[in-house]
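*Asks:* These protein sequence lines are chains P and X, in that order. Here my numbering is used: the first residue of the first sequence is 1, the next is one more, and so on. Here my numbering is used: the first residue of the second sequence is 345, the next is one more, and so on.
Everything labelled a hint here was simulated from the structure, so no lab data went into it. The reader is advised that the hints may include incorrect statements.
To be verified - Listed next, with one range per pair, are the computed distances between beta-carbon atoms:
#, chain 1, residue 1, chain 2, residue 2, range
1, P, Ala29, X, Ala373, 38 to 46 Å
2, X, Val448, P, Pro222, 31 to 39 Å
3, P, Asp334, X, His408, 56 to 64 Å
4, P, Asp214, X, Phe490, 52 to 60 Å
5, P, Ser142, X, Ser595, 16 to 24 Å
6, P, Asp334, X, Leu716, 37 to 45 Å
7, P, Gly237, X, Pro483, 19 to 27 Å
8, P, Leu210, X, Ile573, 44 to 52 Å
9, X, Val379, P, Gln59, 47 to 55 Å
10, X, Ser595, P, Pro222, 52 to 60 Å
11, X, Val379, P, Gly237, 50 to 58 Å
All C-beta atoms in this analysis are idealised placements derived from N, C-alpha and C, irrespective of residue type, glycine included.
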Amino acid sequence: MTIKKPWAWASTAGLLTVATLAPSTSYGATLDDVKSRGQLRCGVSDGLAGFSSPNAQGQWQGIDVDVCRAVATAVLGDPGKVTFAPLTAKERFTALQSGEVDLLSRNTTWTASRDNSMGLTFAGVTFYDGQGMMVSKDLGVSSAKELDGASVCVSAGTTTELNLADYFRANDMTYNAVSFDEADQTAAGFDSGRCDVLTSDSSQLAALRLQLSDPSSAVILPERISKEPLGPVVRQGDEQWMKVVRWTLYAMLNAEESGITSANVDQMRDAPKSPDDARLLGKDGNFGEQMGLSNDWAYNIVKQVGNYGEIFERNVGKGSPLELERGENALWTDGGLQYGMPVR
Amino acid sequence: MLRPSTSIPRRGRGPLWRDPSVRALFFQALLLVTVLGIIAFLVHNTMANLDARGIRTGFGFLDHRAGFSISQTLIDYSSNASTYGRTFLVGLANTLLVSAMGIVAATIIGFLVGLARLSPNWLLARLAGAYVEIFRNIPLLLQILFWYFAVLRALPSPRQSITVFDSFFLNVRGLVMPAPETLPGFAATPIALGVAIIAVIALVILARRRQAATGAQWPVLPLSLVILIGLPLAVFLVTGSPLSWSVPALSGFNFRGGMQVLPELVALWVALSIYTAAFIAEIVRSGIQSVPRGQTEAARSLSLPGGLTLRRIVIPQAMRVMVPQVTSQYLNLIKNSSLATAIGYPDLVAVFAGTTLNQTGQAIEVMTMTMLVYLSISLVVSALMNVYNARMSLKER
């Protein structure tokens with residue numbers, strides 16, 4: 001954390017400076033900024049398997065990271081043109097507000113106060129999650145309702161922290177919270193026995209469990225105590241940029257729904273199966289240009305990053321160490337909640 | 345230093361701008377207006393920009409329910425009912441607690457190590473020297489992490505606690521120990537303590553007067569101790585020992601009853617004390633070495649014992665050199681306590697400038713309040729130390 005602390009101070013100082021000195025008309029041109037810079041600056045988690053963590057070669061990987069790459073591909077045509085800024089939960093909003101990053105793709109829950117009073121706008125939902133609790137197996141607990149009096153490790157400055165208080169209050173139980181800055185420290189606190197319970201979004205719990213010294217010693221309790229729709233966030237007041245991010249997500253969802261994958265996207269473009277596919281892949285109409293992008297934005301995303309299903313499977317799905325079910329993250333056609341708006 | 349002449353010649357005749365005092369007044373007024381203008385511009389621009397970005401401003405958020413829990417609260421706090429304003433106070437109290445504990449411990453350790461470093465005993469002096477060089481040269485954050493992760497995390501789980509008398513339990517979650525609970529009638533004991541303190545002060549004054557008048561010394565220290573401990577204890581026993589102990593017991597997941605010292609607090613306290621003490625030790629050494637050797641030699645020629653020479657002749661003079669520097673170290677310690685956030689001790693920065701800021705997004709208000717608090721604490725400590733310094737300083741008569 002010695003390396004990461006400067007982000008917090010730089011962000012806060014940046015916000016103070018920007019808010020103090022910038023003329024009030026200069027916001028709202030993120031797309032042009034990113035194009036002229038030739039790089040997308042993307043805020044991600046500082047290390048959460050499946051969502052964003054550096055691999056053995058030092059490259060960032062995960063579902064949140066792929067959203068960054070998809071946006072970079074849509075705007076600049078190249079998934080490599082992203083600068084990743086690892087942010088703790090506490091640093092993330094200030095970094096976005098102050099302009100340190102163009103996009104925050106960091107397992108962030110879409111809530112009313114964040115959307116309405118903090119100068120932020122959520123562009124969509126990449127992962128429908130819910131808060132869960134993990135306990136050590138030898139405690140012999142099978143339900144979150146049995147946790148009266150437990151010590152709970154939690155990341156500071158998250159919705160998790162608030163849901164936790166509400167849940168224990170609603171069930172008339174007490175607890176001691178131990179709050180850490182970073183997901184790693186929170187997991188280490190649980191691992192060393194500082195707390196009985198580790199609470200977080202259930203997908204994160206699955207990721208953090210892999211980091212424990214003995215993953216099989218911990219069990220995730222069945223209760224989901226909250227709704228946690230996670231998605232990318234942009235600054236408020238830049239409609240154009242928000243739409244670029246939003247339609248990047250829709251392009252990936254529509255591609256999956258049409259059966260377009262990174263493997264078959266070339267032949268699908270040459271011989272579209274339906275008018276929908278032709279519009280999505282830029283053979284018909286100027287849907288990319290309407291957003292200030294090139295017409296083959298969706299083709300580029302699918303070709304170089306993949307469709308939503310591919311991204312899900314390789315990062316958190318059955319093909320990954322996390323082995324999560326699609327569940328509510330299945331497409332609406334499969335009984336899930338993921339739904340791409342039509343391109344037409 | 346050259347000082348401007350205090351007697352500025354009055355304007356006899358001639359135009360107004362020829363008068364130096366009028367000119368001085370004019371330029372100072374101009375400067376003041378400029379500075380105020382810049383501040384007003386900055387504030388206005390900040391508000392306009394925040395508004396344009398859709399970021400709420402104002403301190404209204406302090407009245408909203410906080411809704412998160414804090415691991416150590418010295419004042420009443422509940423995640424269900426307390427406000428963000430309350431989290432500020434909770435964080436402040438925790439910062440003040442660890443700072444005060446750190447200052448006391450750092451001063452004691454620093455003095456002892458500083459004296460040891462000057463000891464004629466070779467081993468003692470070298471050990472003290474090694475202490476100073478080791479702890480002064482390692483970054484404080486690393487020391488905090490070392491104490492927390494390497495030392496305290498190695499303790500056993502609550503069920504395998506290290507136990508003393510079945511009432512003190514040491515485990516990875518800290519030290520759990522019996523807590524006193526007062527019963528009716530206890531109020532007489534603190535009152536007795538107050539009376540004892542007044543009596544000791546009176547005793548000290550009387551003893552000084554007597555020594556000044558006759559030269560005879562009273563054993564002030566032992567007498568004071570007897571009064572300070574004996575009087576409250578007698579009252580406590582006479583009123584029927586109105587104190588019960590809440591003894592901790594393992595029930596469910598954790599210990600219930602008693603009081604708990606968090607490992608985060610201990611790690612931060614130990615690291616801050618040991619780190620700052622290394623600097624204070626050097627200050628003590630330099631202070632003592634700044635006292636001319638002749639003072640010690642003169643005392644020895646009067647056959648004064650070594651301890652008395654140190655206490656009555658050397659240290660009072662050394663204090664004049666030490667106090668301003670030690671003040672700086674105290675201020676550093678208070679500011680350094682904000683590193684608490686690295687290990688999850690709920691200090692002002694972690695609770696208020698961290699969690700509250702993040703939950704509300706009110707960066708500018710929160711950071712302003714936090715900075716003002718550190719500024720105020722530092723100014724108060726400096727002021728107190730300056731008063732002390734003025735009393736200690738050489739009085740030439």
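*Asks:* Could you run down the list of hints and mark each one as holding or not?
*Replies:* Against the structure, the hints:
Our hint of 38 to 46 Å for Ala29(P) and Ala373(X) holds, since their Cβ atoms are close to 43 Å apart. Look at Val448(X) against Pro222(P): about 49 Å separates their beta carbons, and that is not inside 31 to 39 Å. Between Asp334(P) and His408(X) the CB atoms are about 41 Å apart, so this pair departs from the stated range of 56 to 64 Å. Between Asp214(P) and Phe490(X) the C-beta distance comes to about 25 Å, which lies outside the given range of 52 to 60 Å.
Between Ser142(P) and Ser595(X), the C-beta spacing of about 19 Å keeps the proposed range 16 to 24 Å intact. For the pair Asp334(P) and Leu716(X), the beta carbons lie near 55 Å from each other, so the given range of 37 to 45 Å is not met. Evaluation of the 19 to 27 Å hint for Gly237(P) and Pro483(X) yields a failure: the beta carbon distance comes to about 41 Å. The hint said 44 to 52 Å for the Cβ distance between Leu210(P) and Ile573(X), and at roughly 58 Å that hint is violated.
A hinted range of 47 to 55 Å holds for the C-beta pair Val379(X) and Gln59(P), which are about 51 Å apart. Taking the beta carbon of each, Ser595(X) and Pro222(P) are about 25 Å apart, not inside 52 to 60 Å as hinted. Taken as a hint, the range 50 to 58 Å is violated for the pair Val379(X) and Gly237(P), whose Cβ atoms sit roughly 32 Å apart.
Hint violations for this structure: numbers 2, 3, 4, 6, 7, 8, 10 and 11, all remaining hints satisfied.
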